Amino acid sequence: MDVFAPLQWLADWITFDLIGLTADSRLGSALAFFLYDVPKILILLSVIVFLVAIVRSFFPPEKTRKYLSHSREYVGNVLAALLGVVTPFCSCSAVPLFIGFVESGVPLGVTFSFLIASPMVNEVALILLFGMFGWEIAALYLVSGLTVAIVGGIVMGRLGLEDQIEDYVRQIRMGEAEVPTMTWPERLSYARGYVGDIVKKVWPYIVVGIAIGGFMHGYIPADALAHIAGPTNPFAVPVAVLMGIPLYSNAAGVIPLVSVLTEKGVAMGTVLAFMMAVTALSLPESIILRKVMKPKLIAIYAAVGFVTITATGYLFNWAIPALGR
Amino acid sequence: MVIKVLGSGCANCQRLEAVAREAVARLGIDAEVEKVTDFADIMSYGIMTTPALVVDEQVKLAGRVPSVDDVVKILSAAQP
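As they're listed, the protein sequences go chains A and B. With our numbering as the guide, the letters of the first sequence map in order to residues 1 to 325. With our numbering as the guide, the letters of the second sequence map in order to residues 1 to 80.
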């Protein structure tokens with residue numbers, strides 16, 4: 001039973017009856033795809049983000065910091081990656097979060113596990129992947145995203161980069177104020193506001209992503225990209241990751257593109273690696289983090305991200321055919 | 001009453017400042033709205049996510065932009 005069936009009917013009606021295009025014309029197929037996918041994704045996104053915001057209101061970062069202070073390698077990295085998934089923060093909070101972690105004695109490697117996991121493995125991405133590709137792909141994304149965060153953090157921790165933090169960071173002393181716990185009406189109002197924020201931020205990406213998707217759906221034959229970016233081209237993964245780094249978008253904005261690229265024959269692992277690179281490594285975030293990290297640390301962070309994400313892409317490309325999908 | 005908006009100057013911090021000013025105007029109370037942008041000062045309040053709202057040196061919320069109604073409630077509760 002498809003809850004989105006009325007949307008499909010509406011999109012078909014507008015395209016074929018109202019405008020009078022035929023179902024086998026390219027423009028008709030592209031337009032019907034666009035008219036169906038835009039409202040579907042936006043509805044899915046609003047519902048999911050609302051529920052997620054409620055869950056997140058129970059995990060303020062101040063609490064996370066307490067769990068992680070003086071944690072040890074491995075256990076700390078795993079815990080940090082898991083907490084990264086549920087702890088809310090916007091990119092403008094990356095600096096105070098980083099300072100707060102360092103100040104309370106969270107090891108640098110553990111801090112990085114958190115910083116990698118939080119933007120990359122977000123629940124919005126997971127649930128959209130689940131909705132469009134099924135639970136196997138969503139689970140694979142969750143597990144590999146966590147692995148990238150854990151391994152990346154452990155590697156960063158082992159490199160002994162503590163001297164690459166800007167000096168003033170260590171002089172900051174945090175106060176002990178307790179942030180009051182939210183009440184239920186506050187949680188609901190927070191969740192409503194959060195939905196508004198996210199939808200306002202990502203709808204242009206979604207519309208453009210689906211428009212490109214619709215165009216490709218209608219005009220480019222399936223598997224057209226298979227020979228350049230299919231599973232047989234070993235360079236596809238690193239090139240996709242490199243292309244993803246300067247781009248910055250919320251995961252929700254990339255997923256419509258993901259669905260089209262895979263349909264046209266790009267290997268799933270390559271596409272997911274691209275998505276991870278877009279969400280986890282970004283130029284704007286690096287510029288923000290420059291306030292607390294010396295350039296060398298940012299460069300190493302990007303390099304570790306590049307290597308681990310590329311490795312994950314190869315793993316997917318190898319594992320997905322093995323799973324029979 | 002002294003109201004402080006903690007944040008480095010990102011879009012959300014500016015929104016919180018606007019919300020705080022509107023709440024003050026709606027209540028018609030005598031309150032100053034200040035911005036705190038220095039990270040050392042922000043962190044001294046013990047919060048890690050911005051924007052945050054501090055009323056008479058007490059942290060009222062952090063990491064989200066509340067509605068004007070929410071801030072009106074917070075401010076009236078904090079009034080002597």
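Rather than coming from a laboratory, the hints here were simulated on the basis of the structure. It should be emphasised that the depicted structure is a prediction, and the values quoted were computed from it without experimental measurement. Built from N, CA and C at the ideal position, the CB exists for glycine as well. Among these hints, one or two may not hold up.
The calculated label-pair distances, taken between Cβ atoms and stated as ranges, are [claimed, not checked]: (1) A/Q171 to B/S67: 26 to 32 Å; (2) B/D41 to A/I19: 55 to 61 Å; (3) A/L27 to B/R21: 49 to 55 Å.
Hints and how they fare:
1. The supplied range of 26 to 32 Å is broken by A/Q171 and B/S67, whose beta-carbon atoms lie about 37 Å from each other.
2. In this structure the hint that B/D41 and A/I19 lie 55 to 61 Å apart at CB holds, the actual value being about 58 Å.
3. Judged by the Cβ atoms, the range 49 to 55 Å given for A/L27 and B/R21 holds: they are separated by roughly 50 Å.
When the structure is compared with the earlier hints, a violation turns up for hint 1 alone.
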